[in-house]
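Q: What follows is each chain in one-letter form.
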Amino acid sequence: MNWITPLLLFVVTWLAVFASTQFAPLTGWLGVPLAFVPGVIVYAALTHHLLLTTGLCIFAGLGVDALSANRLGVSVVPMFLAGFIIHNRRHLILRDQAYAQFWLGLATAVFVPLATLTMMSFGQREPLRGWSTVWQLTLSGGLNGALCPAWFLLFDALRRTFDYQPVAESSFRPDRQIKRGRF
Amino acid sequence: MLKRAHYWALGIVTVLTLLLLNLPPAAAGRLKLAVSGVFLPLFGLAGSSQSFVDRASYSLLTRRTLISEMERLQQENAQLRLAATQAQDAMNENARLRAMLGWQPKVAWKRRPVHVVGRDPTTWWRSVTIDFGARDGAAVNQPVITNDGLVGRIRTVGPTHSEVALIGDPECGVSAIVAETRDNGVIQEARSSAVGDGYVTFRTLQNSPTMMAGHHVLSSGLGGIFPKGIPVGQIADARTVEGGLYTEARLRLSANLNRLEEVWVLVP
Numbered sequence: 001m002n003w004i005t006p007l008l009l010f011v012v013t014w015l016a017v018f019a020s021t022q023f024a025p026l027t028g029w030l031g032v033p034l035a036f037v038p039g040v041i042v043y044a045a046l047t048h049h050l051l052l053t054t055g056l057c058i059f060a061g062l063g064v065d066a067l068s069a070n071r072l073g074v075s076v077v078p079m080f081l082a083g084f085i086i087h088n089r090r091h092l093i094l095r096d097q098a099y100a101q102f103w104l105g106l107a108t109a110v111f112v113p114l115a116t117l118t119m120m121s122f123g124q125r126e127p128l129r130g131w132s133t134v135w136q137l138t139l140s141g142g143l144n145g146a147l148c149p150a151w152f153l154l155f156d157a158l159r160r161t162f163d164y165q166p167v168a169e170s171s172f173r174p175d176r177q178i179k180r181g182r183f
Numbered sequence: 184m185l186k187r188a189h190y191w192a193l194g195i196v197t198v199l200t201l202l203l204l205n206l207p208p209a210a211a212g213r214l215k216l217a218v219s220g221v222f223l224p225l226f227g228l229a230g231s232s233q234s235f236v237d238r239a240s241y242s243l244l245t246r247r248t249l250i251s252e253m254e255r256l257q258q259e260n261a262q263l264r265l266a267a268t269q270a271q272d273a274m275n276e277n278a279r280l281r282a283m284l285g286w287q288p289k290v291a292w293k294r295r296p297v298h299v300v301g302r303d304p305t306t307w308w309r310s311v312t313i314d315f316g317a318r319d320g321a322a323v324n325q326p327v328i329t330n331d332g333l334v335g336r337i338r339t340v341g342p343t344h345s346e347v348a349l350i351g352d353p354e355c356g357v358s359a360i361v362a363e364t365r366d367n368g369v370i371q372e373a374r375s376s377a378v379g380d381g382y383v384t385f386r387t388l389q390n391s392p393t394m395m396a397g398h399h400v401l402s403s404g405l406g407g408i409f410p411k412g413i414p415v416g417q418i419a420d421a422r423t424v425e426g427g428l429y430t431e432a433r434l435r436l437s438a439n440l441n442r443l444e445e446v447w448v449l450v451p
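Residue numbers (our numbering), protein chains in the order written: chain A, 1 to 183; chain B, 184 to 451.
Since the hints were made in silico from the structure, they are not lab data.
Being a predicted model, the structure only gives us computed values, none of them experimental.
Any given hint could be a false lead.
Per the computed footprint, the stretches of chain B lying under chain A, defined by three or more beta-carbons under 8 Å from a beta-carbon of chain A, are [unchecked claim]:
(1) 190-199
(2) 217-226
(3) 420-433
One-sided and incomplete, this derived list gives chain B residues near chain A with beta-carbon spacing under 8 Å [as the list claims (entries may be wrong)]:
(4) Leu203
(5) Leu204
(6) Leu214
(7) Ala229
(8) Ser232
(9) Trp286
(10) Gln287
(11) Pro342
(12) Thr343
(13) Glu346
(14) Pro353
(15) Lys411
If the Cβ cut is set under 7 Å, some of the chain A residues that face chain B in the computed set are [to be verified]:
(16) Ser20
(17) Gly28
(18) Pro33
(19) Leu46
(20) Leu50
(21) Leu52
(22) Leu62
(23) Leu67
(24) Ser68
(25) Gly73
(26) Ala100
(27) Pro127
(28) Arg129
Even for Gly, the Cβ is constructed at its ideal location relative to N, Cα and C.
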């Protein structure tokens, strides 16, 4: 792995955090912002080192908090916990299967807001929540679940493009070469 | 079994979170502004691309459409000029009468047009980001309105952008009055976290049996943030609560908070 793939992961996270503040007509119609970050966390946790996943969760959490009315730092722990759990169990997960990616994306998109809401309920400002929160979590989970395999396709394509390619094993052995000649 | 990297990751996140959550509010606010600065290039890019798309769409309009639109605007302009002259006369008369009675003169608010450049990425706050910052004259608590009615107030101010708490957010209480019955009340935080429904709860300070659906609610001017007389919404339905002590109404907001693109900031 070279440094381009992690850099691209951070750039995509930067764009994903910003994108979740945009598309007002669509988000207004759906009643929920388009959160793209959970799928990126799933990909990073399944394919990269834990410290890189941690850095990504910190970056995404701080970005979401900075662009929202959240207290700075409150989203970092839920995102990290999601990444940490997936990374720890990655040997049990069929990461190449689309249905596994779907369920991981869905679970992360539901877990992160729920954990953030739980953390904020201990704070001074009470966040808005009600029955519509259930609808928002369901919709956000479904969207992220559907989007997660797409993230895998995108990042795998980027990885194939920018990463070092494995050297193909050749069957040629110089010590077994038959030398032909006069002697 | 946890490895060394796991302990490092857990340690970094724990220390960072404890540090950030225990920062004094002023320092946390400054740090938040610094972090949000990372996204400023993207806000600029989104704004530029939006204006480019708008300009490109203008070039597709036909000459006939432009001429008919211009004629309509000229008629509207003439009517508005007449209304403005009448309003100016009324204002002058009001100022003279206030001076005769020895009342304080009314503060004239200036309207600054601004763009909404982003929405809150979470579902549990109602806020938007506008491209109007401290260097443009923004200050905390300045009211934000549209042509339809009240939108909210500025919550935090950055150098180039500000965050607006919308009506229904826990940090945007509005003191309001029913135009028809003159009942005073308070617009409380929304029960639902979705902005999309367009309703908030309005509770009067006493039981108001005459209040009914269709009545208009305006800002009362009490509380010192919002000027008096800005349309807030229309009552959808009302009911008596807490043993007949208060009346609670569902208020349909005048401004569509889902479709905010351009808003006005009221600057004193």
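Q: Which of the listed hints are not met by the structure?
A: 3, 8, 9, 10, 11, 12, 15, 19, 21 and 26
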